[in-house]
Every structure is written in structure tokens, then in C-alpha cells.
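In the order they appear, the protein sequences are chains C and B.
The numbers in the UniProt record's numbering rise by one with no breaks, and the one at position 84 of the first sequence is 84.
The numbers in the UniProt record's numbering rise by one with no breaks, and the one at position 40 of the second sequence is 40.
Treat the hints with care, since some could be wrong.
To be verified - Each computed DMTMM-like pair below joins lysine to aspartate or glutamate, with the alpha-carbon atoms no more than 20 Å apart: (1) B:Lys-67 to B:Glu-77; (2) C:Lys-18 to B:Glu-16; (3) C:Lys-65 to B:Glu-16; (4) B:Lys-42 to B:Asp-62; (5) B:Lys-41 to C:Asp-61; (6) C:Lys-58 to C:Glu-68; (7) C:Lys-19 to B:Glu-24; (8) C:Lys-58 to B:Asp-52; (9) B:Lys-42 to B:Glu-57; (10) B:Lys-55 to C:Asp-37; (11) B:Lys-67 to C:Glu-76; (12) C:Lys-18 to B:Asp-30; (13) C:Lys-65 to B:Asp-52; (14) C:Lys-18 to B:Glu-26; (15) C:Lys-58 to B:Glu-57; (16) C:Lys-65 to B:Glu-57; (17) C:Lys-18 to B:Glu-22; (18) B:Lys-42 to C:Asp-37; (19) C:Lys-65 to B:Asp-62.
Said to hold, decoys possible - Some residues of chain C that are not near chain B, with every Cβ distance over 10 Å (derived): (20) Asn-5; (21) Phe-24; (22) Phe-43.
No lab work stands behind these hints, which were simulated from the structure alone.
Even glycine gets a Cβ: it sits at the ideal position worked out from N, Cα and C.
Spelled out, the chains give:
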Amino acid sequence: MDGLNASEQREFQGRMEKKQMKEFMTMYSNLVQRCFDDCVNDFTTKSLHSKEEGCVMKCVDKYLKGSERLGQRFQEQNAAMMQSGQLPGR
Amino acid sequence: MSFLFGGGRPQLSSAEKIAAAETEVEMISDMFNRLSQSCTKKCIPPEYREPDLNKGESVCLDRCVSKFFEVNMKVSEKMQGEAAQKGGAGGGMGGFGM
Numbered sequence: 001m002d003g004l005n006a007s008e009q010r011e012f013q014g015r016m017e018k019k020q021m022k023e024f025m026t027m028y029s030n031l032v033q034r035c036f037d038d039c040v041n042d043f044t045t046k047s048l049h050s051k052e053e054g055c056v057m058k059c060v061d062k063y064l065k066g067s068e069r070l071g072q073r074f075q076e077q078n079a080a081m082m083q084s085g086q087l088p089g090r
Numbered sequence: 001m002s003f004l005f006g007g008g009r010p011q012l013s014s015a016e017k018i019a020a021a022e023t024e025v026e027m028i029s030d031m032f033n034r035l036s037q038s039c040t041k042k043c044i045p046p047e048y049r050e051p052d053l054n055k056g057e058s059v060c061l062d063r064c065v066s067k068f069f070e071v072n073m074k075v076s077e078k079m080q081g082e083a084a085q086k087g088g089a090g091g092g093m094g095g096f097g098m
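Please model the entire structure based on the sequences and the hints provided.
See the structure below:
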């Protein structure tokens, strides 16, 4: 992101913020869908069983923790790659 | 990673520079989303017995990220190779391997 002056940086920042918002909303929707698909399969009742609810809560926790870990590893790999120019296939 | 700003290029306008930076971020972001989707599917079974990642899942995620990057590299190397063979069509691609 070199070569951007102050006002260009500001514009860029603004766009990045919008993008982040959008990504958060996407992540949220995907999460709801995933946890619903995996946890809720019994339609004999109109509201969630406590088991289904428990499953959904664990699903969200697990997913968020997984996402966090992936983010950390991704950053590490990305940084390593940028440094070395090419990752020499460990 | 700014493979778009090689030496000897004409000055880009503000809009072009911002668009280029944005594109770069989008590529990285897209890669992360795909990686997340694939690795979550491959490493986290849909049973959800507990709210934390267990050791197996954690290790799986770590290795998954590493392999994903490696695949990314190899595919880009191969494609650059093919482009070079077909006669310099890939000249402008530079460091496409992110």
C-alpha cells in the first residue's frame, strides 16, 4: 500500500472500514446458517430444544475460536511469505 | 506484495492507486475467506461436543493454513511456468504468488 498520500490514505481507510463491516455481516450470516444446518434437525416442536440450543452455543464458540486461530496462522504465513519473497516449501 | 508497482511504470492517478490498493486487499481477503471455509469444513466436525477447540482440531487448522499457502504457491508457479512456455504472455504478472 505504498505511494498513497494522506488524503488517499483516508479514502482507502474509509473503504476498508466499509469492507470490514460487510465482511462481518457475511461472517455472521454464514455462522447462523452453519450452526442451524449442523444443530437443528428436529421439527417436531416450534422452538429449540435445550439440546439444540446448547449445540448452537457451542457451535458459535467453536467457530469463532477457529476463525481466530486461522486468522493468526494466516497472518504468520502471509508475513513469512512477504519477507522471503517466496515460501520455499518447508 | 505490491506487485503492481514495478519500476519504470507511469505515474498512476489517485483513483488508480486507491483502486490498486483496494484490489490487493480484496485478493488477500478473498484468499482468507476461502481458506477459512475449506479448513473449517475439513477440520471441525459438526458435532460440537464442547465450545473450545480440542488439540486435534487446533493442529489440523494450523496445518491446513500451511498447506493452503503451499498449494497457492505451487499453482501460481505452475501457471507462470505455463505462461512463460506459451511465449511471454505472463510477462506482466510479476510476483503473482502473493
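The hints, checked one at a time:
| no. | hint | verdict |
| --- | --- | --- |
| 1 | B:Lys-67 to B:Glu-77 | holds, 15 Å |
| 2 | C:Lys-18 to B:Glu-16 | holds, 19 Å |
| 3 | C:Lys-65 to B:Glu-16 | violated, 37 Å |
| 4 | B:Lys-42 to B:Asp-62 | holds, 12 Å |
| 5 | B:Lys-41 to C:Asp-61 | holds, 16 Å |
| 6 | C:Lys-58 to C:Glu-68 | holds, 15 Å |
| 7 | C:Lys-19 to B:Glu-24 | holds, 13 Å |
| 8 | C:Lys-58 to B:Asp-52 | holds, 8 Å |
| 9 | B:Lys-42 to B:Glu-57 | holds, 9 Å |
| 10 | B:Lys-55 to C:Asp-37 | violated, 25 Å |
| 11 | B:Lys-67 to C:Glu-76 | holds, 13 Å |
| 12 | C:Lys-18 to B:Asp-30 | holds, 15 Å |
| 13 | C:Lys-65 to B:Asp-52 | holds, 7 Å |
| 14 | C:Lys-18 to B:Glu-26 | holds, 12 Å |
| 15 | C:Lys-58 to B:Glu-57 | holds, 14 Å |
| 16 | C:Lys-65 to B:Glu-57 | holds, 11 Å |
| 17 | C:Lys-18 to B:Glu-22 | holds, 12 Å |
| 18 | B:Lys-42 to C:Asp-37 | holds, 16 Å |
| 19 | C:Lys-65 to B:Asp-62 | holds, 13 Å |
| 20 | Asn-5 | violated, 8 Å |
| 21 | Phe-24 | holds, 12 Å |
| 22 | Phe-43 | holds, 18 Å |
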